[in-house]
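J.: Each chain sits in its own coordinate frame; assemble them with the hints.
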Amino acid sequence: MKKIMVGLKRVVDYNVRIRVKPDGSGVITDGVKMSINPFDEIALEEALRIKERGEAEEVIAVSIGPADAQQQLRTGLAMGADRAILVQTDKLVEPLDAARTLLKLIEKESPELVIVGKQAIDDDNGQTGAMLAALWDRPQGTCVSEVTFADGKATVTREVDSGLETIEVDLPAVLTADLRLNEPRYVKLPDIMKAKRKPLETVSLDDLGIALDPQLEIVKTDPPAQRQKGVMVEDVDGLISALKDKGLL
Amino acid sequence: MTTLTRKEILSRLKDLAGPGGYLEDRVDVEPFEVDFRKLYKGATPLVLRPDSTERISKIMKFCFETGTAVVPAGGNTGYCGGATPDESGEQIVLSLARLNKIRSVDPMNYTLTADAGCTLVQVQEAAEQVQRLFPLSLGAEGSCHLGGNLSTNAGGTAVLRYGNTRDLVLGIEAVLPDGRIVENLKGLRKDNTGYDWKNLFIGAEGTLGIITGAVLKLFPTPRSYGTAMVALRDLDASVELLSMLRERSGDAVTTFELIPRLAMELACRHIDGVKDPLDQPYDWYALMELSCATDEVQTQELLETLLGEAFESEVIQDAALANSGAQREAMWRMRENIPEAQSHEGPSIKHDVSVQVSRMPAFIREATTLVKKLVPGCRVVSYGHLGDGNVHFNLSPSEGDRDPIFLEQAKRVNHAVHELIAQYGGSISAEHGIGRLKRDELAVYKSEAEIQLMRAIKAALDPTGIMNPGKVL
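Protein sequence lines correspond, in order, to chains A and B. Mapping the first sequence onto my numbering, position 15 (from 1) lands on 421, and the numbers just tick up by one. Mapping the second sequence onto my numbering, position 343 (from 1) lands on 351, and the numbers just tick up by one.
Derived by calculation from the structure, the hints in this document are not laboratory data. Glycine included, C-beta positions come from ideal geometry on N, C-alpha and C. Any given hint could be a false lead.
[As the list claims (entries may be wrong)] Cross-link-like lysine-lysine pairs, in silico, DSBU-like; alpha carbons within 30 Å at most:
#	chain 1	residue 1	chain 2	residue 2
1	B	283	A	600
2	B	283	A	602
3	B	283	A	439
4	A	604	B	283
[What the hints assert, rightly or not] Which chain B residues stay away from chain A? Per the calculated CB distances, all over 12 Å, these:
#	residue
5	24
6	38
7	44
8	147
9	194
10	199
11	231
12	291
13	336
14	348
15	355
16	381
17	463
[Unchecked claim] Just a few of them, taken from the derived set where beta-carbon distance is under 8 Å, the chain B residues facing chain A:
#	residue
18	98
19	285
20	329
Chain B on its own, in the form it takes in the complex (with noise of 0.2 Å):
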């Protein structure tokens, strides 16, 4: 093949791409060169955004004999730049917007199977819609796509009892960075044949292939939720409480969210309709819900004598229990505005990482008296999934503090407090993945033979390394 210009090129991607398939104009464009948490401004000459996958495997093979890298791309809510192009504006962007049906729904078979381009909350309507439940769930499902939650291997607020997306799907449809399609969307729940392919895309960030559908599975709905906002007595009394409830509910436990009192405040202060359920204020909170088979009285009973037990034996101090839609709603709110709420107090210094349950105390507490005296008068919002093990633990500059010197301390804080992690047996990175954020970190956290296993995958499937270069990797 002759070497095309780099015009020819972008011209032959927009006819594969298809009548509306393409966005150029700068102020369409610009979108997507910036990550959602703006610290990443990378560039690219032209967004691809083709409505199947046909001409998505098209596209993969025009770039695959031009060596076009493509930086495939959700809705934009990641926190590790992932789907974000370099600077270098070399790099084209597709988007899997347009792909977004539903193409089957099976009740009886307890399964879903939805192009990658579908939001969240679709997937989740659809199951609705047969009495059934898709348990992932959190704060951007209105806008991330299914594709990219299969991409990062999004945990979420449900974890504890349905595990991650990799535990909720049972087959994906993909297009490798050659353009051949690869599908296993049988929706079996067992199949054992060979290798099980499919969980190397999931969470590989688009530096594999492009996921362009899966099969997920369906969980009964529950009839019945019970829903408390709990002051713990201390840090410890979290992970005593959730042990408990898990062990006396019959693991109906399927929410348990650490919120410190900084981010009540925070969320009470930025957050419009967001109050404090509770009466005082104290040091440490969680978010439980149960969800039951049951009806609605007998899982508020089961709430009410398991907490009236961990409130006689002074687990808790005290709890706030949701009596309706709205209050249980308005709960959730608060929840998932931390991260809105922190922001309006400048910027943040983030850590999304992992330990066994069990040590998440003693860590949170290490780490914080580590990063004050790194960062002298920065405040902690340590908030997240402990019934996973998972804490995002931020840093905010002082109250009042817009210096931009904050942000310059990022790169020390990281290192210490992942080491810290690492000290812990933990991962520093939990659910949000690697992208471009973290990758210089991974090499230094893993151990020499899974980043040598990792290459050889990546080697294996991208051999000219066209998908996604720089991140994870």
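With the rest of the complex left out, here is chain A (with noise of 0.2 Å):
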């Protein structure tokens, strides 16, 4: 392969306690920690790994995003990504719109594979890897747990409910990535030095002749309601009263 190509989404870090904005119009992103995608990252660094073992000549990290997304593509340049393109705007990017976006970048640098992650962790959509295969018309391999390479076919472990399942695409193809597929590495010290030099290219939407095309309204966010906190019985006897007494006895 001479290119991969994968999608690295700005979102709210994992360990980030999530609370959503008073007037109910969306989470609090403010001060917040952001971070790449964690299914990203594990894409990024499956594309890493396959470049490494000589098996694709270039990483392309592409983000869509706010101008603060550079700093997730840095990152993803010093774990070793070749150079990165940000499709840069302000708005509210849908899962089709996101696919429609990728499929321009896809035309402009024809990788043999795109990996992104099997969803996002702000919206878990989890619908840009396979809206992009279908519009791109290429097979997809999502939910991924393991690949390999051959003969211009990747062979591809996925994790289904009723266990995994193998099966082999014809590249280029989009696989998405699931959280067994590896451990994401950390990026070293002289690794964000030399990313500091690595190419980052910014375009527009309008660049790329995308307009977007929401066609989701969204209503109201609300937290999760607050659990109700637990009693300690006495015995066995206090168990079934309090049972009787919500009537599930």
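T.: Take a look at the structure:
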């Protein structure tokens, strides 16, 4: 393969406790730690391992998001991506628009493989990879936990409800990374210093000829209902009478 | 008062503790008879679990009248046996576990008032809810109690920036050995009205009274962290790097933990999910963290710039930077599980010593040579809070050696290491306290005048010697 393209979405860090804005219009992101979507980080790690095995020549990290998403792309470059492209927009980008945008980049770059996370942990849509494959009219391997390449084909192990499924897809193809595909590396200081010199290109949606076409409207964002505090009962009899009181026995 | 039988005393204590306020079945009591490190196996007929300061007051008054010895207990995570009853079977254990309410939080005054039986995590989370920071943090924070933290003047991982527990307390409520309640929970930062008596109880390990509540200082929550696992050029580089980081970051260094190669290996071997963040092995690492009020991008840039300079000047050989909360947590998990990892390698001979930061590398080198002579083949894990001049200098037996004879050398090794630390002008107990473990040594390494002063304080507050007898003095 000559090129692998990887999608990196900037999301609220997995370890941050999410707070909803008082007016319910969304979640608070101001002053909150942002990171690469963990599944996208796994996607990038896999692309880097494929390249390090000598099976690919170049890894391109791309992101669609605000100017600050440069930070996640810099991290991607420090992890080992060769160059990065930011499609800059401050608007909310839905999966279909994200897929249309990625397709434009594919047309420009002609990668043999595109890897994205199986879902982003902010909206949990899990649609972009599949939509991209459909628009591109190429095969897809979703929820990948293992992948190998031979003769222009990828052999993909998928995590499905009933266990593991192995499929073969022709390249070029879209893969979506699942949790157990790998464990992403740490970025090392010398690589961070090198990454500062790697190219990071910024383009606009206009440049790509994309006009966002939102299909959804977010009506309201609510925090999960607070769980009621449990009570300790003294003994088995206490438990039985408590259950009876609630009409459960 | 007529002399009560032992049975009558126990029965009266149970009444005073109230319903659900005591444990006496062997299976319930046993956990209180053994310390966290399993150094001591004591015995107690009764564990009291009162749920209010008033009940504790009544219990202590009764114990005072009957001459009943009381051992206050928190989360049982201490390293010196300070909360374990002796073997006599006469000492009552008083657990603060049910005194576990956050009493109030005042974000504008930057204070939080809590019961002594709150776990440290509980306190941290209560502060977090109002966007404040309670900076005390240590490995056992999920189970250790605030009361234990105060009683041992715990150190932990943020001393470098925020000080010991003592520095984080504005006032306490305590029950004296005769049952009187003394309280100053005003939450004042300035209050120069006579002796600052709270500081007698902080670090007293329950030998002067029982701390039942405290007002704690809160701090602004840092907006961003910069965390890195750094491979040092050598041991001396640790001091150079710390000094440079403090100077150049506007003293934003909240953590600087020294980690030797062996600790990294053992953590990777024994602790689930821990892996070496760097590609090659190095002799010495530092886990460092900056906490800043600036946004994340600026903090990360500062960290990269400072470490970049350290790299150029060859103070460090490599560094892994956490780029997500998960990676930061993984680095911390590695550090916090060093004692756990070491415990899988057989028993360890431990030291918790401090010297001036600048003398730390020389001490570690000399002490390592010393113990390797005393116990040929032993493996030294010297890790800890370099930023505070505090190192946990611990020995494990040689690989695969399970011979119990190893531990029999503890006394000899402790003595030699403590002699050396005395020569270096250091302390034999930096943050773990004295408890029962180091009582004899305290008498050796403190001056006569200091010991006399301590005894006078003890006699004034606990004239009949019922408070945690056999500990500290």
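J.: Identify every previously stated hint that the structure contradicts and give their numbers, smallest first.
T.: Result: hints 11, 13 and 18 break, sorted rising.
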